[in-house]
Amino acid sequence: MSAPYAKLPAWADYGLIPLINLAVAFLVAGLVVMLVGENPIRAAAILVEGALGRGQNIAYTLYYATSFIFTGLAVAVAFHCSLFNIGGEGQAYVGGLGVALVCLAFDSVLPWWLVFPLAIAGAALFGAAWAFIPAYFQAKRGSHIVITTIMFNFIAASLMVYLLVNVLKPAGSQAPQTRTFLEGGQLPKLNFVLEALGFSVRSAPFNLSFLLALLAAFLVWVLIWRTRLGYEIRMRGFSPKAARYAGVSETKIIIIAMLISGALAGMMALNPVMGDQNRLQMDFVTGAGFVGIAVALMGRSHPAGIVPAAILFGMLYQGGAELAFEMPNISRDMIVIIQGLVILFAGALENMFRPSVQALFASLSPQAAGVEARQGEGG
Amino acid sequence: MAHTAIELNGISKSFGAVHANRNIDLKITAGTIHGIIGENGAGKSTLMSILYGFYQADSGRIQVAGKPASIKTPSAAIALGIGMVHQHFMLVENFTVLENVMLGAEGEALLNTSIAKARDELERLERDYGLEVDPDALIEDLPVGLQQRVEILKALYRGADILILDEPTGVLTPAEADHLFRILRQLKEEGKTVILITHKLREIMAITDNVSVMRQGAMVATRKTAETTVEELAELMVGRHVLLRVEKGEGRAGDVMLSVKNLTVKDSRGVTMVDDVSFDVRAGEIVGIAGVAGNGQSQLLEAITGVRQAVSGTVTLDGTPVELTGEADPVDLRKRGMAHVPEDRHHVGLVLPFEENENAMLGYHWQDKYLKGPLLDIEAIRDDARRKIEKYDIRPADCRLKTANFSGGNQQKIVLAREMEQDPKVLIVGQPTRGVDVGAIEFIHRRLIDMRDQGKAVLLVSVELDEIRSLSDRILVMFAGRVVGERGPEATEGELGLLMAGVEKKEAAE
Amino acid sequence: MDFFTTLILVLDSTVRLSVPLLLAALAGLYSERSGVFDIGLEGKMLAGAFAAGAAAAVTGSAWAGLGAAVLVSVFLALVHGFASITHRGNQIVSGVAINFIAAGATIILGQAWFRQGGRTPSLPGDARFGALHLPFADTLRDVPFLGPIYAELISGHSLLVYLAFLFVPFTWWVLFRTRFGLRLRAVGENPAAVDTAGISVSWLRYRAVMCTGLLTGLAGTYLSLAQNAGFVKDMTAGRGFIALAALIFAKWRPVPVMFACLLFGFLDAFAIRIQGTPLPLIGQVPVQLMQALPYILTVVLLAGFIGKAIPPRAGGVPYVKER
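If you read the protein sequences in the order shown, they are chains A, B and C. Throughout the first sequence, residue numbering follows this note's numbering, covering 1 to 379 in sequence. Throughout the second sequence, residue numbering follows this note's numbering, covering 380 to 889 in sequence. Throughout the third sequence, residue numbering follows this note's numbering, covering 890 to 1212 in sequence.
Next comes chain A alone, as it looks inside the complex (with noise of 0.2 Å):
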């Protein structure tokens, strides 16, 4: 039962093998790219232009960035706790509820910088919500949460689709998707900030909420990190009898590491509901509950490491939009793709190339390897 690698330098491990799976990540992608007839290295040259290359495309690449913010932490805080949460999906979408049910009271009567925690206090609280059932039929019941998770994505897709045709839609409109939130309901746009940074950008939907996320990445490591209640979190994650042994009640931890995880994942809403479309639409979150599990893997589950992450998808969508136009055998699919084979390198086969790099090192320095390898004894 021991650890059956041998232990490498924390830069390796941290580094180096997380760099390599990405790396065929994208090999693989590329050879997709030829696949359909292009030229992989210009498409890439394309996707880095498209996401980088004038300002307007930067603030677009951090607005999508904001989104895999928060699912990404939202996933993460659940990992720690040894918690699959494939709901990130479904709470962002009841989040969203939260944001526009809070918008559609006060945008009228309050300036935006009072709703605007009004509106934080609301996704937390309905992505949290959504995550609060899977939880408690963990905790109490034994449900795996994987399935319960995956169930209320649909479920959520089903009752928001409702909830926007019969309840929330303005009379005699046809769109399913409610009123425009007035100026209280609306973010302001952070474009100022590349502006005077010297970029020109046009319009673009990157707004103030990146700083929340941000904000949240801090807090979410303080909390793992430095708090009595993360380092209950990740006791349990590690070992539910030695948490137990600790006093740590497991249906609480459960609860409330998936109450975190889902008001992050909720509040991933506030940045398209609240800070672009400025109303409720139908499956706004377009997949960045799923993009969260692909940048919690890559950051391995360190904010330090979701942040970048983050931004690299927020580069594939922005990019990845440029280069569709470009293009013409590529979609914006191909960030599919390419988010697929990411969570396939990076999670599912993260220790794939571990025994190479293994024997690499210990050929360069044999007294490094096999250092961690004393907890097996007995039998």
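By construction, these hints were calculated from the structure, which means they are not laboratory data. Just so you know, these numbers come straight off a predicted model, no measurement behind them. Among the hints, a few may not be true.
Straight-line Cα separation of at most 27 Å, DSS-like style, residue types lysine-lysine; simulated pairs [what the hints assert, rightly or not]: (1) B:Lys781 <-> A:Lys241; (2) B:Lys406 <-> A:Lys252; (3) B:Lys406 <-> B:Lys446; (4) A:Lys140 <-> C:Lys1197.
Between beta-carbon pairs, the in silico distance windows are [unchecked claim]: (5) A:Val222 <-> B:Asp655: 47 to 57 Å; (6) B:Gly649 <-> A:Leu16: 44 to 54 Å; (7) A:Asp283 <-> C:Phe1148: 47 to 57 Å; (8) C:Gly1193 <-> B:Gly673: 26 to 36 Å; (9) C:Thr1166 <-> A:Val222: 48 to 58 Å; (10) A:Lys252 <-> B:Asp646: 46 to 56 Å; (11) A:Gly37 <-> C:Ala1126: 28 to 38 Å; (12) B:Leu489 <-> A:Gly37: 48 to 58 Å; (13) B:Asp723 <-> A:Trp221: 24 to 34 Å.
Pulled a few chain B residues facing chain A out of the computed Cβ check, cut under 10 Å [claimed, not checked]: (14) Thr492; (15) Ser493; (16) Val710; (17) Leu729; (18) Pro753; (19) Phe822.
Built from N, CA and C at the ideal position, the CB exists for glycine as well.
Take the given structure of chain A and dock chains B and C to it, following the hints.
Chains B and C alone, transformed into the frame defined by chain A:
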């Protein structure tokens, strides 16, 4: 005429940096019961797993019945007539006995006819060897003793001539163990070769013809059982003359600190594991609980320390009652002065992927000294860990190192340091030296005596009878969930052994 | 239209709608019974549907489509096996990855090869699995009661429909009456028991995931070559997950899987039928509720309110030899 069933030459096997087996030679005579004895971690199981094709040796040769054999998989071992009863049974719980027995030896691809054939064969084996068990019973409904019987039948069904049993009595009651020994003798009479792996000297003396001793991965000696003694084997096992007695002064028992009355505990399947147990532990004494593993000691510890809910009974800690049947709260018990060194440090007492300093406060992480407002006080936590590392000589002295990277003895010291440094009134200790090297054992025993001398009430549970006898001021013996006797430290091994086997019930606890 | 005719029509579409669920759920059964969780049924089915649509469009042969679908699905199943059996990766993560790869790749490749916005070209009858008319279907149609049942409900489906329902007893037989099935069930419960009995855990599990690939390929083929005339992007639309729900709902047993799929198919057919029309006693039922019902039922089951779904004990856990 005795020929050689198995001959091993120069077998070596490493896992990473750990040499589980070093250059092992072994010769086993056909038709005998051959014991292999050694401490936990001496490499006995690894050696047998190599013989059974479960692991590959890094080097060395195997001969079976005089012919060189290459055993790369269990199926190769089975084909050579080698069967193995693993320490943890390899049974499919929701399959029937018959399905388990035939798994992997079904014969044809369709089960229609092979099931009938297997049933006939199984029933014949059951009759021939006196190993009755209902072929249609589900494994999960059978008691461990019968499950083990199924394992033996599985091996016989595959035509095993050589049967390896890995620590077969660890989970058995003494009566079941006796029954197993009768079966093994009968197998020997039928001409089978039996290899018995154990760390219990008593078993070796009782049943084997020959015995080989392993120590730290090496084969140190082979003896005829009739020509050796327990003392000699014990010395061979640990490599020097064992100091069975720890130096300690007379105990001065004070007030009752821990009082257990009529405690009854069930396990997760609803089986009563602790049955109406009562005893007291006073300040300044060590009360040892002896017993064969699986007689309720684990559940007793868990119930007292709030990890498992009890069914009924009361526990009083320093005069105030402990909530036992509701939502148990280990934190509350710690606050009231109970410290707990759990039996399983790998999964319970420590979080192995944590840094050492994170484990040095496990269970006490709510204490003010580790917190700074809503945050953890990282500096205070690490300073505290460093202090304990120094005081308990934990090596390597690095509080940022992952706990998994410490040796068994040092891991146990991390737990002991944490619990003892709380200055508890009551210290509950389970299997303190399991899987711990000899040097650390002495250290740990010394610290336990120190605790007693400081006036702590110490409850010690161990399956190592020597440990119980050398440390305890009073010894309680548990059998089948009950305390069946109390003795002083002067009690002989034989006397305690009888109690542990459930004999002499009339002289039960006062 | 009288009630009976309506009923026949609803049941007929129930059968059609439950077939992809059935094939996918049986597919999942092989893998999960062997201890390999598979939430990538959706992706494999989608990739299979695309491969079938594409190959049938190019060759004009439904059978070529079927072959391509099976090849592609088995390939993805082997990727899942490679990650979760050989490299002991997280099975959930691997399944999620396969879903995304399939979702993206089918659109990209479809657009690149056929330039119809991610569709494959609409297929003529020869390149599809058309309806099979059972003997005497037309002559017996007018027999009261039984006639319509035979002619409408039983006859007139594609070959894959009959195949799907045949797979139910066949799977039961494989699982409980063959050596392979015995070992498959054993390895999902306690792989160490299988290993020490001299059977290769990896090879056994690889065979199981290949069965999963084969059946998801059939499910995909049904979608693009029988139910529709070609591949449309995202055409599985969550059916892989409903199939997963059905598998759990049926507690991983073949015959209950069939009933669960029929139930979920019926809910779907019923929802389509009653769209907009109020029901007696209940009144208007939102169509979204009907769509969500399979998921809600599965959650309720998983929570143990209606029986308990206990998965194969070794499910989701990579096999590592104990030390």
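Going through the hints against the structure:
1. Using a Cα cut-off of 27 Å, the hinted pair B:Lys781 and A:Lys241 holds, with the two alpha carbons roughly 18 Å apart.
2. Taking the CA atoms of B:Lys406 and A:Lys252, the gap is about 57 Å. The hint is violated against a cut of 27 Å.
3. About 13 Å separates the Cα atoms of B:Lys406 and B:Lys446, which keeps this hinted pair within 27 Å; it holds.
4. Taken as a hint, the A:Lys140 and C:Lys1197 pair is honoured in the structure, with Cα atoms around 14 Å apart against an allowance of 27 Å.
5. One distance hint, 47 to 57 Å for the beta-carbon pair A:Val222 and B:Asp655, holds here, with the actual separation near 50 Å.
6. At about 51 Å, the CB distance of B:Gly649 to A:Leu16 agrees with the hint of 44 to 54 Å.
7. Checked against the given bound of 47 to 57 Å, the beta carbons of A:Asp283 and C:Phe1148, roughly 33 Å apart, lie outside it.
8. Distance hint check for C:Gly1193 and B:Gly673: the Cβ-Cβ separation is about 30 Å, which falls inside the suggested range of 26 to 36 Å.
9. Look at C:Thr1166 against A:Val222: about 55 Å separates their beta carbons, and that is inside 48 to 58 Å.
10. For A:Lys252 paired with B:Asp646, a C-beta distance near 24 Å fails the hint of 46 to 56 Å.
11. The supplied range of 28 to 38 Å is met by A:Gly37 and C:Ala1126, whose beta-carbon atoms lie about 29 Å from each other.
12. At roughly 50 Å, the beta-carbon separation of B:Leu489 and A:Gly37 lies within the given 48 to 58 Å, and the hint holds.
13. A C-beta distance of roughly 32 Å is found between B:Asp723 and A:Trp221, which places it inside the suggested range of 24 to 34 Å.
14. Here the hint on B:Thr492 is broken, as its CB sits about 39 Å from the closest CB of chain A, past 10 Å.
15. Given hint, B:Ser493 at the interface with chain A, is violated; its Cβ is 35 Å from that chain's nearest Cβ, farther than 10 Å.
16. Interface restraint check: B:Val710 against chain A, minimum CB-CB distance 4 Å, threshold 10 Å, status holds.
17. Interface restraint check for B:Leu729: the shortest CB-CB distance to chain A comes to about 7 Å, inside 10 Å, so the restraint holds.
18. Using the Cβ-Cβ criterion of 10 Å, the hint placing B:Pro753 at the interface with chain A is satisfied: the shortest such distance is roughly 6 Å.
19. Here the hint on B:Phe822 is broken, as its CB sits about 17 Å from the closest CB of chain A, past 10 Å.
Comparing the model with each numbered hint stated earlier shows that hints 2, 7, 10, 14, 15 and 19 do not hold.
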